[in-house]
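K.L.:
Let chain A serve as the given structure and place chain B on it in line with the hints.
Listed here are the chains, written in short residue letters.
2 protein chains.
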Amino acid sequence: MELLKKRILEEGKTIGSDVVKVDMFLNHQIDVELLCEIGKEFHRLFAASNINKIVTIEASGIGIACIAAQYFSVPVVFAKKGANRNVGDNIYKADVYSFTKGITTTIGISKDYLGPDDRVLIIDDFMANGKAVHGLINIINQAGATVEGIGIVIEKGFQPGGDALRSLGYRVESLAVIKSIDNGKIVFGN
Amino acid sequence: MELLKKRILEEGKTIGSDVVKVDMFLNHQIDVELLCEIGKEFHRLFAASNINKIVTIEASGIGIACIAAQYFSVPVVFAKKGANRNVGDNIYKADVYSFTKGITTTIGISKDYLGPDDRVLIIDDFMANGKAVHGLINIINQAGATVEGIGIVIEKGFQPGGDALRSLGYRVESLAVIKSIDNGKIVFGN
Chain A
184 MELLKKRILE
194 EGKTIGSDVV
204 KVDMFLNHQI
214 DVELLCEIGK
224 EFHRLFAASN
234 INKIVTIEAS
244 GIGIACIAAQ
254 YFSVPVVFAK
264 KGANRNVGDN
274 IYKADVYSFT
284 KGITTTIGIS
294 KDYLGPDDRV
304 LIIDDFMANG
314 KAVHGLINII
324 NQAGATVEGI
334 GIVIEKGFQP
344 GGDALRSLGY
354 RVESLAVIKS
364 IDNGKIVFGN
Chain B
184 MELLKKRILE
194 EGKTIGSDVV
204 KVDMFLNHQI
214 DVELLCEIGK
224 EFHRLFAASN
234 INKIVTIEAS
244 GIGIACIAAQ
254 YFSVPVVFAK
264 KGANRNVGDN
274 IYKADVYSFT
284 KGITTTIGIS
294 KDYLGPDDRV
304 LIIDDFMANG
314 KAVHGLINII
324 NQAGATVEGI
334 GIVIEKGFQP
344 GGDALRSLGY
354 RVESLAVIKS
364 IDNGKIVFGN
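Chains as they are written, first to last, in my numbering: chain A, 184 to 373; chain B, 184 to 373.
One or more hints might be untrue.
If chains are identical, the list can't say which one is meant, so a pair holds when it fits in one copy or spans any two.
As the list claims (entries may be wrong) - Heads up, simulated DMTMM-like pairs for lysine to aspartate or glutamate below, C-alpha to C-alpha not over 20 Å straight-line:
| hint | residue 1 | residue 2 |
| --- | --- | --- |
| 1 | 284 | 241 |
| 2 | 294 | 224 |
| 3 | 294 | 365 |
| 4 | 223 | 278 |
| 5 | 204 | 300 |
| 6 | 276 | 300 |
| 7 | 223 | 272 |
| 8 | 362 | 193 |
| 9 | 189 | 224 |
| 10 | 204 | 241 |
| 11 | 284 | 185 |
| 12 | 264 | 295 |
| 13 | 314 | 278 |
| 14 | 196 | 272 |
| 15 | 196 | 224 |
| 16 | 264 | 220 |
| 17 | 264 | 300 |
| 18 | 196 | 295 |
| 19 | 284 | 194 |
Rather than coming from a laboratory, the hints here were simulated on the basis of the structure.
If we strip away everything but chain A, and leave its shape as in the complex, we get (with noise of 0.2 Å):
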């Protein structure tokens, strides 16, 4: 999606080799107009997997999931981390690694909102390891739902996770592919 490679590359901030920052846009300022084109692109994308639910983790991902459900016509679920949170004990759950932060976390979505009925899309804003969209995958598994694709805004292509996902036989569709980060120059790969 060339609008978001653009601000990228015009607005992130690089630190070191594998890390860009993109909190002025998309995951703490939020530029609402530019998530409606990355919502459209998801669609566009994923218009014909006849998906019935999109599923995300909170909080950056909320955004993302809402605005893009528009285009689909679908309610959003999102994964609550921690326990209890006044969601009770009736509730699929799945361990997630942090490499960022260093710490395991508990996610967790009621299982009132997800069935075997449900053909999920899952949005995230960046994929790295892959560790959080692999708890996420857990839970639809547990509840019986089918995962339909990925659909990630900026995938770290010299980490992992979006490959190994592939390999599994996931369709993933990032938005935009960070190949590498050389001297704070972004290399993108798509």
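P.N.:
The following block gives chain B in isolation, referenced to the frame of chain A:
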């Protein structure tokens, strides 16, 4: 907002005399079509207020804020919970006590995304004691920005948050005000 009150009556689950769960359409599973109507209603209420930024708090405020922001054509900034979180030290912080969880959380917004030129609409899903909104106001004040209004989807009118903010001179617009929950029966005050 009649459509919202209808949904609360039809689907909301009360627990005792002070909890109503609406996580089937608002804050776990999200009915994005309803969210669009909520966003339009916030825009109708605050269209004259010359707002140039919407501020909310993770996680369940984000979807509502992003959908509403489309109608205002402004960006969203969401306060993050917990320290660090890849945001750095360049951050306005406030402590927020949660009665539900019985804990104090530090919320923060990067100094890069809030400043004296910002005329802010605060949006959140629920208001009870108003602690989260007070934390956001604290941060907005630190930034020298202006609070133009506060838009709440569901206010628990039997708890003091909304009226305390109104008595401080803030314009608080709640789309559904729950006056009481009596033997499972929800009574609205608006």
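K.L.:
Indicate, hint by hint, whether the structure satisfies it.
P.N.:
Structure-based check of each hint:
In this assembly of identical chains, residue 284 and residue 241 lie within 20 Å of each other by CA distance both inside one copy and across copies; the values are 15 Å within and 18 Å between. When the C-alpha separation of residue 294 and residue 224 is checked against a cutoff of 20 Å, the pair qualifies neither within a copy, at 30 Å, nor between copies, at 31 Å. In this homomeric assembly, residue 294 and residue 365 never come within 20 Å of each other (Cα to Cα): the closest approach is 44 Å inside a single copy and 28 Å across copies. With identical chains, the CA atoms of residue 223 and residue 278 are never at most 20 Å apart, being 31 Å at best within one copy and 37 Å at best between copies.
Within a single copy, residue 204 and residue 300 get their C-alpha atoms no closer than 37 Å, and across copies no closer than 24 Å, so neither meets the 20 Å cut-off. When the C-alpha separation of residue 276 and residue 300 is checked against a cutoff of 20 Å, the pair qualifies only within one copy, where the shortest distance is 19 Å, while the shortest distance between copies is 43 Å. Taking identical chains as interchangeable, the C-alpha atoms of residue 223 and residue 272 are never at most 20 Å apart, the minima being 36 Å within one chain and 35 Å between chains. In this assembly of identical chains, the alpha carbons of residue 362 and residue 193 lie at most 20 Å apart only when taken from the same copy (17 Å versus 50 Å across copies).
Taking CA atoms no more than 20 Å apart as the test, residue 189 paired with residue 224 passes inside one copy only; the shortest distance there is 15 Å, against 34 Å between copies. Taking CA atoms no more than 20 Å apart as the test, residue 204 paired with residue 241 passes in both settings, with 18 Å inside one copy and 19 Å between copies. In this homomeric assembly, residue 284 and residue 185 never come within 20 Å of each other (Cα to Cα): the closest approach is 30 Å inside a single copy and 43 Å across copies. When the C-alpha separation of residue 264 and residue 295 is checked against a cutoff of 20 Å, the pair qualifies only within one copy, where the shortest distance is 17 Å, while the shortest distance between copies is 27 Å.
For a Cα distance limit of 20 Å, the shortest separation of residue 314 from residue 278 inside one copy, 9 Å, qualifies, whereas the shortest one across copies, 30 Å, does not. For a Cα distance limit of 20 Å, the shortest separation of residue 196 from residue 272 across copies, 16 Å, qualifies, whereas the shortest one inside one copy, 41 Å, does not. Neither within a single protomer nor between protomers do residue 196 and residue 224 lie at most 20 Å apart by alpha-carbon distance, with minima of 24 Å and 36 Å respectively. When the C-alpha separation of residue 264 and residue 220 is checked against a cutoff of 20 Å, the pair qualifies neither within a copy, at 28 Å, nor between copies, at 28 Å.
Proximity of residue 264 to residue 300 under the C-alpha cut-off of 20 Å is found in neither arrangement, the shortest distances being 24 Å within a copy and 34 Å between copies. Within a single copy, residue 196 and residue 295 get their C-alpha atoms only as close as 40 Å, which misses the 20 Å cut-off; across copies the closest is 13 Å, which meets it. Proximity of residue 284 and residue 194 under a CA criterion of 20 Å is satisfied in neither setting, with 24 Å inside one chain copy and 38 Å between copies.
The structure fails to meet hints 2, 3, 4, 5, 7, 11, 15, 16, 17, 19 from the earlier list, while all remaining hints are met.
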